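*Asks:* Please take these sequences and the hints and turn them into a complete structure.
These are the residues of each chain, in order.
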Amino acid sequence: MSEAVTDASATRSDAARAGAAPPVLAAAGVTKRFEGVSAVDGVDVALASGEILSLVGPSGCGKSTLLRLLAGLERADHGTVTMGEQTVDGPRAWVAPEDRNAGVVFQDHALFPHLSVADNVAFGLIEADRRGHSRRRSRRRGDASARRARLGEVLALVGLEELAGRYPHELSGGEAQRVALARALAPAPEVILLDEPFSNLDRSLRGRVRDETVRVLRAAGAAALLVTHDQGEALATGDRLAVMRAGRVQQTDAPAAVFHAPATRFVATFMGEADFLPATPTGDGRLRTELGEVPADGLETECGEGDADKAGLEVMVRPHEVVFEVDPAGDAVITDVEFQGAFVLHTLVLASGRRVRSLQPHTVEAQAATRVRARLDPGHAPAVLRGEQAVAGPRPRPGAPGGRRDPS
Amino acid sequence: MTPVIQLVGQRGRGRCRYVPRPGWRAAVLAAAAVPVLPVAVIAVETLTPSPAVWAQLWDTRLPAMLATTAALLVVAGLGTLALGTGLAWLVTAHDFPGRQTLSWLLVLPIAMPAYILGFVFLALLDHAGPAQTALRTVFGPDVWFPEIRSVLGAGVVLTLTLYPYVYLLARSAIGEHAAATVDVARTLGLSRWRTATRVVLPLARPSLAAGGALVAMETLTDFATVQYFNVETVSVGIYRIWNGMLDRGAASELAGLVLVIALALLAGERLLRGRARYHQSTGGRGVAPVRLTGWRGWLATGGCVGVLAAAVGIPTLQLLAWSGLPAWGGQAGLAQGRFVINLANSGLLAAVTAGLCVALALVVAHGTRMAGGSVTRRAARLSMVGYAVPGVILAVGVLVLFTGLDAPMEAVGLPGARPLVTGTLMGVVVAYVARFVAVAYGALDAGAERLSPSMTMSALALRASGTRVLTRVHLPLLRGGLGVAAVLVAIDAIKELPMVLLLRPFGFESLSVRVWTLAGESLWAQAALPALVIVAVSAVPVVVLFRRSTTGPGMPALAAADDSPPPHQAVGR
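The listed protein sequences correspond, in order, to chains P and A.
Take the first sequence: its letters are residues 0 to 407, numbered as in numbering that gives the first Met the number 0.
Take the second sequence: its letters are residues 0 to 572, numbered as in numbering that gives the first Met the number 0.
Treat the hints as calculated values from the structure; they're not laboratory data.
Some clues are possibly wrong.
One side of the interface only, derived from the structure: several residues of chain A facing chain P at Cβ under 8 Å [as the list claims (entries may be wrong)]:
| # | residue |
| --- | --- |
| 1 | S453 |
| 2 | S457 |
| 3 | A460 |
| 4 | R462 |
| 5 | P475 |
All of these numbers come straight from a predicted model, not from anything done at the bench.
Even glycine gets a Cβ: it sits at the ideal position worked out from N, Cα and C.
*Replies:* So this is what it looks like as structure tokens:
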């Protein structure tokens with residue numbers, strides 16, 4: 000597989016000039032409609048070699064369709080999909096899924112019930128070798144032993160050597176997931192596409208299987224796209240995170256950046272609890288809110304000096320950034336207390352009537368109807384929004400589509 | 000009297016929307032053409048009526064034939080609905096001695112072809128039969144007895160052989176799907192009877208409508224049984240015109256009329272069903288049965304046993320008695336020789352049909368999984384049309400098609416298509432395949448429950464080509480279904496009578512043709528042995544059904560080529 004990459008980069012100099020290898024898998028302006036409704040609407044996404052990208056969004060946002068487009072299980076209406084230097088889907092190009100080099104792991108694992116674990120894992124190896132035969136018929140014997148070696152290697156990688164002779168119905172959910180992963184990895188694809196691979200597992204098992212999957216993917220050196228509807232999973236897994244809504248990617252960034260500096264109001268609320276407070280610039284690079292002043296990184300470059308530009312700003316406030324102390328003279332009231340175990344979520348109503356939530360360690364015990372004085376303790380410049388879009392945040396987010404607005 | 004077969008299976012199991020694969024799409028389209036073309040030819044005939052032919056038909060027997068057809072449809076329809084629903088309600092909502100066994104035994108009459116029950120019925124009850132003779136000995140020669148050779152007589156025979164269609168659908172609707180709703184109704188304070196009429200019956204209505212439509216299609220196509228009873232329906236007219244006058248034009252015009260009646264009935268079914276859909280709740284416990292004690296219980300048992308005796312028990316005993324009689328022993332040599340030939344003919348026809356149907360069904364099943372898209376899906380659904388229309392339409396459609404091919408083939412120096420259909424089994428085979436490919440597909444698809452769309456996609460992503468996906472994934476997983484499909488088609492082919500009667504080459508006699516010919520000449524004793532063979536073969540799927548019925552009614556049901564999921568789809572999943 001690495002041969003293909005070297006060949007490709009040798010023939011084209013563009014990548015070398017840019018100083019980086021081309022993405023192993025990339026979609027540009029990809030659109031797919033079903034019966035007139037856009038499931039995927041002009042999506043750009045790119046996977047670098049060895050990178051793990053999580054794709055998260057609510058149900059029906061088109062993330063699974065995007066995965067199938069990338070795998071070649073659907074054909075795009077518009078846009079192109081490229082693997083390395085090769086266009087695999089485009090107006091004049093089409094490479095069928097079986098001719099691409101992308102492994103897929105499905106939610107239901109889709110193991111072949113009539114084949115043992117070993118035969119499931121070897122399935123793709125046999126197909127890959129068959130393709131080789133059309134050119135080199137003499138290597139058949141060598142293939143078989145190479146295949147056995149590779150099979151052992153992959154089974155060892157996922158820790159399933161002992162289960163090689165079992166059949167899918169004899170496996171637990173976690174084991175089936177590992178077989179599906181091993182099967183996809185066996186032909187050494189450059190990229191693995193995982194469609195909600197953990198959502199069929201028990202909650203207690205999910206975290207462990209997820210960590211194990213990431214370890215295996217890293218060990219195999221494969222790039223991976225992980226589709227999930229679970230925000231926690233998306234934040235915890237992968238190098239980067241893409242948030243999708245209604246067929247569009249709203250933000251692609253490192254998990255922490257997506258959490259702290261969401262590009263849109265949707266990303267802000269989807270990726271975590273968020274309240275919004277109106278804010279006015281103080282003129283010295285800070286913003287005044289009902290809960291005190293906060294720093295405002297980069298707001299000057301985003302907004303002009305005119306008053307109109309400064310109107311309608313809001314800062315995003317996550318519950319863990321709101322602190323309070325009990326004070327009979329305070330102008331906020333606790334209206335609701337929700338015990339969550341290690342933490343307690345308090346709902347406060349401010350003097351303006353606005354509601355913010357405050358997440359405090361279980362040591363903080365304030366009853367409902369207590370008057371408190373609240374303030375913000377963000378630890379960094381908060382995200383600032385106007386309307387649906389973010390206009391400033393804690394740090395720059397290069398290459399975040401739909402993120403910062405050009406002031407012009 | 001084909002077993003009811005599940006036709007539509009794709010929906011609700013994850014939609015397959017793969018990239019278009021022109022090769023497989025073309026294959027599905029080609030497979031769909033076999034059943035669609037004969038029906039389409041007749042549809043075109045309907046749209047282009049020739050007034051001269053109609054004028055002549057109208058002047059002769061047509062009004063009477065139409066009236067007879069309508070009367071027979073009403074008698075058979077009401078009879079099967081009443082008997083099927085009544086028995087279903089009895090066995091699902093009540094408990095009485097032998098209920099468990101009777102509940103599946105009541106399906107057995109589906110294995111008794113009407114053209115066999117019909118002649119036994121006649122032999123026993125007609126003027127010269129033992130029943131009337133006995134009555135006359137007791138009450139004198141003027142004792143009244145209803146005319147057997149009538150619409151009513153034919154209707155009773157059709158009811159007794161066709162009611163299982165309604166029974167199966169109603170039993171599942173009442174027994175499984177209505178359970179939770181019934182519980183709710185009872186907690187809302189409805190009495191048992193009110194629950195039955197206000198909740199269960201409306202819930203079962205779509206199933207009853209579907210069952211009624213099936214019965215109507217079978218009734219429409221049957222021109223063999225009704226001839227014993229001197230009942231002249233439109234289908235009988237087609238047979239007479241084709242067989243007697245070889246008038247292709249008039250035959251196809253009449254077939255068009257049958258198609259219009261069939262479409263009207265299907266539209267009626269839709270109307271009756273309204274916007275309701277078959278409910279598919281899984282794991283229903285069924286309605287809590289009421290225990291019938293004492294004479295009531297035995298009355299219920301007696302009723303079920305009576306129906307079974309009339310539809311299966313007495314006719315089978317009579318056939319056994321006849322086949323053991325020395326009556327045909329006189330011509331045993333001749334009869335046995337012909338019997339073996341007939342048996343071989345039926346076997347050959349069944350084997351060829353089964354092989355072709357399974358192959359076509361496999362193409363459709365694999366092709367739709369490989370090449371998604373609305374065209375492929377629609378073609379797949381259309382390929383089931385042969386089972387939804389009366390077989391007589393297919394037969395005439397095949398005739399018309401082959402005749403149409405005749406001229407072009409002769410023009411290029413080939414012997415022509417007419418000899419193919421009149422001189423060989425080609426016509427019969429094409430018509431059989433057109434009709435029974437749906438049966439094969441239903442069985443195949445029921446066996447494909449383990450085959451999820453993601454499995455196909457996984458195989459593709461693992462670099463298997465379309466053909467390799469077929470040989471390495473789809474075929475191994477469909478293997479169980481393949482055998483069932485072949486057996487079901489073969490049984491249907493052995494039982495089938497109307498199509499082979501219309502299309503058989505001169506001198507070709509299958510078991511079913513032999514039975515019908517002998518019965519038509521009142522040579523009942525000689526017809527008994529081939530008839531017994533057919534009944535025995537037909538009983539096979541019912542016995543298989545009983546095996547499966549321990550986990551639920553495994554007999555899949557026909558949901559005519561429309562959007563609704565089949566009523567029994569939920570079973571065993």
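*Asks:* Run every hint past the structure and note whether it holds.
*Replies:* Here's how the hints hold up against the structure:
no. : hint : verdict
1   : S453 : 4 Å, holds
2   : S457 : 4 Å, holds
3   : A460 : 4 Å, holds
4   : R462 : 4 Å, holds
5   : P475 : 5 Å, holds
In this structure, none of the earlier numbered hints is contradicted; all agree with it.
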